[in-house]
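*Asks:* Residues per chain are reported as follows:
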Amino acid sequence: MLAIATRGLVKHYGSVEALRGLDLEVESGSVTGFLGPNGAGKTTTIRLVLDLIRPTSGVVEVFGRSPRGAADLRRRIGYLPGEPALPDVTAGEYLGYLGRLRGRVDPGPLAARFGLDLSRSMATLSRGNKQKVALVQAFMHEPELYVLDEPTSGLDPLLQQEFRALVRERVADGATVFLSSHVLAEVETLTTRVAIVRAGVVVDVDDVDTLRRRAGQEVEITFAAPVPADVLAVPGVTDVEVTGTTARLLLHGEADPLLRAVTPWHVVHLRAQDRELEDLFMEFYR
Amino acid sequence: MTAYLLGTRRRAMLWWTVAIAAVAAMYTAFYPVIGGMQIEGMLESFPDAVLVALGWDAFTSGAGYVNATVFSLVGAVLTLTCGIGAGARLIAGEEERGLLELELAAPVSRGAVYWHRIATLWVFLLGPAGGVLLVVGVLDPVLSLEIPVGHLVAATVALWLFAGAIGTVTYAIGAITGRRAHALAAGSGLAVASYLLAYLGPLAELDWMTNLSPYWWYVGDRPLLNGADWVGMAALVVLGALAATAGIAGFVRRDTNV
Chain A
1 MLAIATRGLV KHYGSVEALR GLDLEVESGS VTGFLGPNGA GKTTTIRLVL
51 DLIRPTSGVV EVFGRSPRGA ADLRRRIGYL PGEPALPDVT AGEYLGYLGR
101 LRGRVDPGPL AARFGLDLSR SMATLSRGNK QKVALVQAFM HEPELYVLDE
151 PTSGLDPLLQ QEFRALVRER VADGATVFLS SHVLAEVETL TTRVAIVRAG
201 VVVDVDDVDT LRRRAGQEVE ITFAAPVPAD VLAVPGVTDV EVTGTTARLL
251 LHGEADPLLR AVTPWHVVHL RAQDRELEDL FMEFYR
Chain B
1 MTAYLLGTRR RAMLWWTVAI AAVAAMYTAF YPVIGGMQIE GMLESFPDAV
51 LVALGWDAFT SGAGYVNATV FSLVGAVLTL TCGIGAGARL IAGEEERGLL
101 ELELAAPVSR GAVYWHRIAT LWVFLLGPAG GVLLVVGVLD PVLSLEIPVG
151 HLVAATVALW LFAGAIGTVT YAIGAITGRR AHALAAGSGL AVASYLLAYL
201 GPLAELDWMT NLSPYWWYVG DRPLLNGADW VGMAALVVLG ALAATAGIAG
251 FVRRDTNV
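One line per chain: the protein sequences are A and B, in this order. Residue numbers 1 to 286, in the numbering used here, belong to the letters of the first sequence in order. Residue numbers 1 to 258, in the numbering used here, belong to the letters of the second sequence in order.
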């Protein structure tokens, strides 16, 4: 069962092409990261899922149905906007209202967990506290699908930890999480699968481990004396840079061919380091 | 939903009611000074058509005076301002500030969001209209205005319908476009146009002009003097209903928050 599916999703705002044929599948029960730079179309996709906006063409489905006009479908979704705007009423009034729109949902327990004072006017709340209000409203009705747009921006590290714990609890209960971010670390700690979006299309979908493997290793080899450049021309090695006796390169896949190639030479020092996923994404973003 | 929407606007509603009641009270209280026989000599110097257009030809009675000042002028302008302001804010204004997002993401239909806000607008306007009713009703015996209660109620209902209808046009344009400025322009444009039509129509002796004016539908027949103008009130209701229908048709179709 797919919680979210889009096929050839296109969205234009006037002459701006926000989405240009986005294909995306979010398995029910999965935690999927939606990663891309600002302006790649993440928020546009999320707004299409919530029926806040309508596609120019293509298909968007939530639990197998079109979200268009389907208010009851949104009962199953918890939505955390990227930049929540809140009215000048108390947090309790607002959350109580949003709770009533979803049936009789009590925001109290979750507000207490996040240390949110419900009696304070939201006009006076700090950015972090506003983010708490948004978090509580997204999670309070225990939906099946969480759509989280840049969830931890504005939260201090302690609250980020609490937020992650909450997400893990809900996932353990079988919920689906779809989490957008432009920060890799945020996605990496929570998700197992990542869809990378760039300029309105999904350019890659993989599990985090595979992505990390594909990112390869940065290798630095220091020789006793300069070696011919073609020594390092072996499968899996790219981006070779030689300065004097030191060679820097990227290694994808197995290390064996490279090791065999350098064995005849006098290797003084060898350093290999997993690349950060961030570097990989930089390649996608280019 | 309406209860919450009204609850968050209770302070604004109270202030509007108090402000409009105070202005209505001030104008009405001047009746013994300006109104009555003293003013008749001064008014004779004006052309009849102008007097009719301004509603000043009946200045000499309590009902005529209150009709010309409170109902045709300050009360109408203030209640209308209140209706146009609320109409523009309820969808377009909130949407521009991003405040509709979480509501629309909740399991409620666009239609529910829309109709509960229209209800809020109309209930909100009961405040100012009720303020006028209360003030004039209380001052009537004190100042011997001799306005029949039935006429006062009819005029107040017409005031409510007038501000409600134009407020609904404002609201509907806001719902269709999502732009508060467009809504305000449409609402105040319609208000000014309907005043001009009602003012110029009699001067130019062109009935179609007056007949097209929502302002004329409201006060042209002087409900305070002549009792309820059922046709005029019905026309206001129809205007509001048409605008509301157009508004929902646009609102359910379009993108929000973009």
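These are calculated hints, taken from the structure and not from any lab test. Here a beta-carbon is modelled for each residue, glycine too, at the ideal position from N, C-alpha and C. Certain hints may be false.
Partner residues are not named here, just some residues of chain A that face chain B (Cβ under 10 angstroms, in silico) [what the hints assert, rightly or not]:
1) Arg-75
2) Ile-77
3) Leu-159
*Asks:* Indicate, hint by hint, whether the structure satisfies it.
*Replies:* The hints, checked one at a time:
{"no.": "1", "hint": "Arg-75", "result": "4 angstroms, holds"}
{"no.": "2", "hint": "Ile-77", "result": "7 angstroms, holds"}
{"no.": "3", "hint": "Leu-159", "result": "20 angstroms, violated"}
Checked against the numbered hints listed earlier, the structure breaks hint 3 alone; every other hint is satisfied.
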